[in-house]
Amino acid sequence: MTTVAVKPATMAQALTRAMRDAMAADPSVHVMGEDVGTLGGVFRVTDGLAAEFGEDRCTDTPLAEAGILGTAVGMAMYGLRPVVEMQFDAFAYPAFEQLVSHVAKMRNRTRGRMPLPLTIRIPYGGGIGGVEHHSDASEAYYMATPGLHVVTPATVADAYGLLRASIASDDPVVFLEPKRLYWSKADWNPDEPQSVEPIGRAVVRRSGRSATLITYGPSVPVCLEAAEAAREEGWDLEVVDLRSLVPFDDETVAASVRRTGRAVVVHESGGFGGPGGEIAARVTERCFHHLEAPVLRVAGFDIPYPPPMLERHHLPGVDRILDAVGRLQWEAES
Amino acid sequence: MTVMEQRGAYRPSPPPAWQPRMDPAPLLPDAEPHRVLGTEAAAEADPDLLRRLYAELVRGRRYNAQATALTKQGRLAVYPSSTGQEACEVAAALALEERDWLFPSYRDTLAAVARGVDPVEALTLLRGDWHTGYDPREHRVAPLSTPLATQLPHAVGLAHAARLKGDDVVALAMVGDGGTSEGDFHEALNFAAVWQAPVVFLVQNNGFAISVPLAKQTAAPSLAHKAVGYGMPGRLVDGNDAVAVHEVLGEAVRRAREGGGPTLIEAITYRIDAHTNADDATRYRGDAEVDAWRDHDPIALLDHELTERGLLDDAGRQAARDAAEAMAADLRERMNQDAALDPADLFAHVYAEPTPQLREQQAQLQAELDAEHDSHGGAHR
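Chains as they are written, first to last, in the numbering used here: chain F, 1 to 334; chain X, 1 to 381.
Careful, some of the hints might be misleading.
As the list claims (entries may be wrong) - Below, simulated SDA-like cross-link-like pairs (lysine to any residue); rule was C-alpha separation at most 25 Å, straight line:
#	chain 1	residue 1	chain 2	residue 2
1	X	Lys165	F	Glu52
2	X	Lys165	F	Gly271
3	X	Lys165	F	Arg57
4	X	Lys216	F	Lys185
5	X	Lys165	F	Lys7
6	X	Lys165	F	Asp26
7	X	Lys72	F	Asp60
8	X	Lys72	X	Asp322
9	X	Lys72	F	Glu55
10	X	Lys165	F	Ala50
11	X	Lys216	F	Tyr182
12	X	Lys216	F	Arg57
13	X	Lys165	F	Tyr182
14	X	Lys165	F	Asp35
15	X	Lys165	F	Lys185
16	X	Lys165	F	Ala24
17	X	Lys216	X	Lys165
18	X	Lys165	F	Glu34
19	X	Lys72	X	Glu251
20	X	Lys165	F	Asp250
21	X	Lys165	F	Glu311
22	X	Lys165	F	Asp60
23	X	Lys216	X	Glu251
24	F	Lys185	F	Glu311
25	F	Lys7	F	Glu311
26	X	Lys216	F	Gly79
27	F	Lys7	F	Pro115
28	X	Lys72	F	Arg57
29	X	Lys165	X	Glu251
To be clear, the hints were calculated from the coordinates, so they are not data collected in a lab.
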């Protein structure tokens, strides 16, 4: 009997595999965007797709994001299932009108007669030393637009499972890829049957009894690290990875906070008008009588994304998370 | 050895990668808008087509008048009339095969109706009981697009998808002169040309973007000239000459279907009515200008040709008017019935499956409605 050694795979490779498998399974799946063909994308996430499926299935488009998304809408209207790559978070903004006025609304305005099954992949967030316009945490814009699903993976396996689910969805999905996790690795065998993760289910990444860290995407590994460090302080932290911002899994989040009685929301996006305000309100509405302290937020500052040499001060880190945990009114315990 | 060192042997040459790509001359529009009516070519026009265009134009004008009247009676929230532009609206619908797709702007209700969309369902958006009232797949008419020019990339994508699937389907996208200033116009034309997508762009240059005249909109020699920059042919046509518009559209559709790629057509026409019933056109244009265009009326032009050729008499005119009146009477009657509204629809079509949050909100609204019902003594409204 032989055992196959499982090699570590990166999140980028899992995403590529998800598109490859989706394209192999369904001829209506088309990948399109800037540099996605010959080059394989600036992050190489579409590497090999044009070679395997041809340029009609993995298409280098002209450099125009509204045009890319607008033509993808037309393709979806004709029954294709486009997977659009926006090259960077801040380069997706030219497509905003198409996203808000058409992608998000087409099912609704046609009374369900014209759903748009399309996936919009956007590398997002900071921490890669990117220069201006390459590091925005833009999720709040998409969350605020009814009609879109907003999904973001934090692990290699979820990158595969959630992208497959997004491509299979009959609704438009904004699929936010934490670009600093592209090269994160895990033992993941692409040749084993993979699970397709349902959109809209959060997952408890680490169980704990003292307090809940509610987070997603690029901040998940930071929270797990903070939870390890917190053991020295005597705190046993639970970490909930939301995976999907829309729909939002109130059930899993509220169940965790009811168990622990304390919660901190952690994300890179600015705090003011950011996802954390909505999440804190939802938790408070559902868990008020279980809470030992106000729900706190650790977010990016309310500033334009900083230049790379200063970004470490902006991004939520272990110390800032532990500081917040320390402010959860533990004195009441003694 | 550097260039400086080999100066003696060095000969300047053209940029290495540069190649001439295309002779722009064949793409240029003609100096004058293409016309048929009033020219010798009119004699060759198919009598059946002329009669059909005439009947549709008369019906279309009546539709515009009836819809405008419905705004005054409070039955429509707003109506952007295409009176004066009926030739473009009707020819657009008639130039397409059944399997083709039409992408109208908000002023193109008439084109949708001429293509077969139910006259009442076409007005749902403007009545306000929903957004798109018709099934886009039934007659292959995309939703009327209010955000300017955003429907153009949809047309390109759909045409491209059809070609990838091996279907000989053409998309016709309609936009106004103001819409040509939008970025989506540029991106759509560029994508269409790069992909050689089977799509036809019809710009109705009706002189105004609400109040702003073309001179403030563009410095291009004509809107049709813009085609050259994308590498597609531009055509200029008299937009009030229904036969000429039909002919130019027909050629462009044929060319697209045969794999020849996209065409940009500029139809010169005029918006006789104000932008909508909520607009006051006297603030930005004079009567003399409007009167000059009334003398170049699309129905009168066609009437003259049909009469000269003995294809139309008073009985024929009356028959066209009677058919239009019947349509208007039916429209009035059905629009005067209150729309059936179901508040539950607000949540039904946001996603394939409502999210848990939307289910909660729907329950909240239902509770509010039940309470309202009780406080009105059971008189549900």
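Cross-check of the supplied hints:
1. X:Lys165 / F:Glu52: Cα-Cα ~18 Å, so holds.
2. X:Lys165 / F:Gly271: violated, 46 Å
3. X:Lys165 / F:Arg57: Within the cut-off at roughly 11 Å; holds.
4. X:Lys216 / F:Lys185: violated, 57 Å
5. X:Lys165 / F:Lys7: violated, 39 Å
6. X:Lys165 / F:Asp26: Given that 25 Å is the threshold and the Cα spacing comes to 13 Å, the pair holds.
7. X:Lys72 / F:Asp60: violated, 51 Å
8. X:Lys72 / X:Asp322: holds, 23 Å
9. X:Lys72 / F:Glu55: violated, 54 Å
10. X:Lys165 / F:Ala50: Satisfied, since the Cα-Cα distance of roughly 18 Å is no more than 25 Å.
11. X:Lys216 / F:Tyr182: violated, 48 Å
12. X:Lys216 / F:Arg57: Not OK: Lys216 (chain X) and Arg57 (chain F) at ~42 Å, beyond 25 Å, violated.
13. X:Lys165 / F:Tyr182: Not satisfied, since the Cα-Cα distance of roughly 34 Å exceeds 25 Å.
14. X:Lys165 / F:Asp35: Since the Cα atoms of Lys165 (chain X) and Asp35 (chain F) sit roughly 23 Å apart, the hinted pair holds (cutoff 25 Å).
15. X:Lys165 / F:Lys185: violated, 38 Å
16. X:Lys165 / F:Ala24: Status holds; Cα separation ~16 Å.
17. X:Lys216 / X:Lys165: violated, 42 Å
18. X:Lys165 / F:Glu34: holds, 23 Å
19. X:Lys72 / X:Glu251: violated, 40 Å
20. X:Lys165 / F:Asp250: violated, 42 Å
21. X:Lys165 / F:Glu311: Status violated; Cα separation ~47 Å.
22. X:Lys165 / F:Asp60: Given pair Lys165 (chain X), Asp60 (chain F) holds - Cα atoms ~18 Å apart, limit 25 Å.
23. X:Lys216 / X:Glu251: The hint is violated at about 31 Å.
24. F:Lys185 / F:Glu311: Holds, at about 23 Å.
25. F:Lys7 / F:Glu311: Status violated; Cα separation ~33 Å.
26. X:Lys216 / F:Gly79: violated, 40 Å
27. F:Lys7 / F:Pro115: This hinted pair is violated, its Cα atoms lying about 39 Å apart.
28. X:Lys72 / F:Arg57: Not OK: Lys72 (chain X) and Arg57 (chain F) at ~51 Å, beyond 25 Å, violated.
29. X:Lys165 / X:Glu251: holds, 23 Å
Violated hints for the displayed structure, listed by number in ascending order: 2, 4, 5, 7, 9, 11, 12, 13, 15, 17, 19, 20, 21, 23, 25, 26, 27, 28.
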